[in-house]
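Chemist: Each chain, written out:
Protein chains: 2
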Amino acid sequence: MRERKISESTIHRLSHYYRALNTLEKEHFETISSKELAKREKLTPAQVRKDLSFFGSFGTRGLGYPVKELKGRIAKILGIDRTWNVALIGVGNIGSALVSYKEFQRQGFNIKVLFDSDQRKIGSNHKGITVLDTDHLEEELQKNKIELVVLAVPASAAQNIVDHVVHCGIKAILNFAPIKLKVPDDVEIRTENMAMELEYLSFTLVNNKKGERKKT
Amino acid sequence: MRERKISESTIHRLSHYYRALNTLEKEHFETISSKELAKREKLTPAQVRKDLSFFGSFGTRGLGYPVKELKGRIAKILGIDRTWNVALIGVGNIGSALVSYKEFQRQGFNIKVLFDSDQRKIGSNHKGITVLDTDHLEEELQKNKIELVVLAVPASAAQNIVDHVVHCGIKAILNFAPIKLKVPDDVEIRTENMAMELEYLSFTLVNNKKGERKKT
Numbered sequence: 001m002r003e004r005k006i007s008e009s010t011i012h013r014l015s016h017y018y019r020a021l022n023t024l025e026k027e028h029f030e031t032i033s034s035k036e037l038a039k040r041e042k043l044t045p046a047q048v049r050k051d052l053s054f055f056g057s058f059g060t061r062g063l064g065y066p067v068k069e070l071k072g073r074i075a076k077i078l079g080i081d082r083t084w085n086v087a088l089i090g091v092g093n094i095g096s097a098l099v100s101y102k103e104f105q106r107q108g109f110n111i112k113v114l115f116d117s118d119q120r121k122i123g124s125n126h127k128g129i130t131v132l133d134t135d136h137l138e139e140e141l142q143k144n145k146i147e148l149v150v151l152a153v154p155a156s157a158a159q160n161i162v163d164h165v166v167h168c169g170i171k172a173i174l175n176f177a178p179i180k181l182k183v184p185d186d187v188e189i190r191t192e193n194m195a196m197e198l199e200y201l202s203f204t205l206v207n208n209k210k211g212e213r214k215k216t
Numbered sequence: 001m002r003e004r005k006i007s008e009s010t011i012h013r014l015s016h017y018y019r020a021l022n023t024l025e026k027e028h029f030e031t032i033s034s035k036e037l038a039k040r041e042k043l044t045p046a047q048v049r050k051d052l053s054f055f056g057s058f059g060t061r062g063l064g065y066p067v068k069e070l071k072g073r074i075a076k077i078l079g080i081d082r083t084w085n086v087a088l089i090g091v092g093n094i095g096s097a098l099v100s101y102k103e104f105q106r107q108g109f110n111i112k113v114l115f116d117s118d119q120r121k122i123g124s125n126h127k128g129i130t131v132l133d134t135d136h137l138e139e140e141l142q143k144n145k146i147e148l149v150v151l152a153v154p155a156s157a158a159q160n161i162v163d164h165v166v167h168c169g170i171k172a173i174l175n176f177a178p179i180k181l182k183v184p185d186d187v188e189i190r191t192e193n194m195a196m197e198l199e200y201l202s203f204t205l206v207n208n209k210k211g212e213r214k215k216t
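Chains A and B supply the protein sequences, listed in that same order.
As numbered in my numbering, residues 1 to 216 make up the first sequence, in order.
As numbered in my numbering, residues 1 to 216 make up the second sequence, in order.
No lab work stands behind these hints, which were simulated from the structure alone.
Don't be surprised by glycine CBs; every beta carbon is placed ideally from N, CA and C.
Incorrect hints may appear among the rest.
Stretch-level coverage of chain A by chain B, calculated; a stretch enters the list once three of its residues show a Cβ under 8 angstroms from a Cβ in chain B [stated by the list, open to error]: (1) 94-100; (2) 198-206.
Each computed DSBU-like pair below joins lysine-lysine, with the alpha-carbon atoms no more than 35 angstroms apart [unchecked claim]: (3) A:Lys102 x A:Lys71; (4) A:Lys26 x B:Lys171; (5) A:Lys180 x B:Lys112; (6) A:Lys50 x A:Lys180; (7) B:Lys39 x A:Lys145; (8) B:Lys102 x A:Lys42; (9) A:Lys42 x B:Lys171; (10) A:Lys35 x A:Lys71; (11) A:Lys76 x B:Lys180; (12) B:Lys26 x A:Lys171; (13) B:Lys180 x B:Lys121; (14) B:Lys102 x B:Lys71; (15) A:Lys127 x B:Lys121; (16) B:Lys76 x A:Lys180; (17) A:Lys26 x A:Lys39; (18) B:Lys171 x A:Lys180; (19) A:Lys143 x A:Lys121.
When you get a sec, could you build the whole thing from the sequences and use the hints?
Modeler: In structure tokens form, the structure reads like this:
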């Protein structure tokens, strides 16, 4: 793999390509052209070729990319050719839904431990996983060799919790609290705000710019 | 406002700016420089200036952008200076969580009707809203003047449901089913896949490229 910068948008497109290739594999396709993949993803063939050139020289002119091999390479670069130990903190409305969210498991993200600070929830069982007390957060994260943390606590509690998470060496956090959290530079935090996708949609309704926008 | 193309990434950054400006307003800031806004959002000042130039000439050199006015302008362009009638289809794990998701309401997305096809759920009440039968989907969407649809049904049911949604003229759909749905060109559909954000994080863990990547 060549060392070069890869943008946030490219990483997201790789996730999309991975899913498309997975479907193609199930449909028994052996190869796919950049043109066909672009059509499925509503991108330009040039964009697809540029993204996939990240993997160095790949694909054969006229034949296209080998589906299975390309899927494997993307899985490796995204780190989903292996499994990850995930902790979910906060089993309220969103948290409970995420415990049952099959896409996590399917992509290798195994929720191993659950935490909550509510005494009524501690000790209860969600999908076979017992809810632990956030008071024991740091020791349990270490004991369970957690690598990724999903945060689904109220906004008011999030910064305090994230400080503890960072303190025990976690470098990757997915945050569902609608608040910007402070983490050191060497920690990657992503905030998932479902309202933002609705704002994207209301933008398109108000501006009626569909088809005119540039896909990035 | 000038007529020009606006990318998907720009729209998302506008959502982020809106939230930053909202916080700044609460902190009683009257103006903000592109440099300061960039710092808060971990972007370059040039990027911020480029994004905001979408609104034409704005801000005063040395003084920066007027917080309240800029927030208002962004709200208008995103279509969140008004409220929207939203229908939520599928009150399973994710759907139930979304009914209580405060960010929707806060940004003007009012869930007015709920649907499910499960007879045990139809007629039940979530946060004061009665679950209706998907058999009456089209008539109820029209009766309730629904403008946006949130889809939280199983992947196997999603295409059939979305066909009905499109049939009664809905132009904007937020899909939580982990499947690519087919809609006509004049309909905007966004698929929210929470695993993709975890893939972004596993990418950063595997490649250890933090700080080196280009923010788009």
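Chemist: Where does the structure disagree with the numbered hints, that is, which hint numbers, in rising order?
Modeler: Structure breaks no hint.
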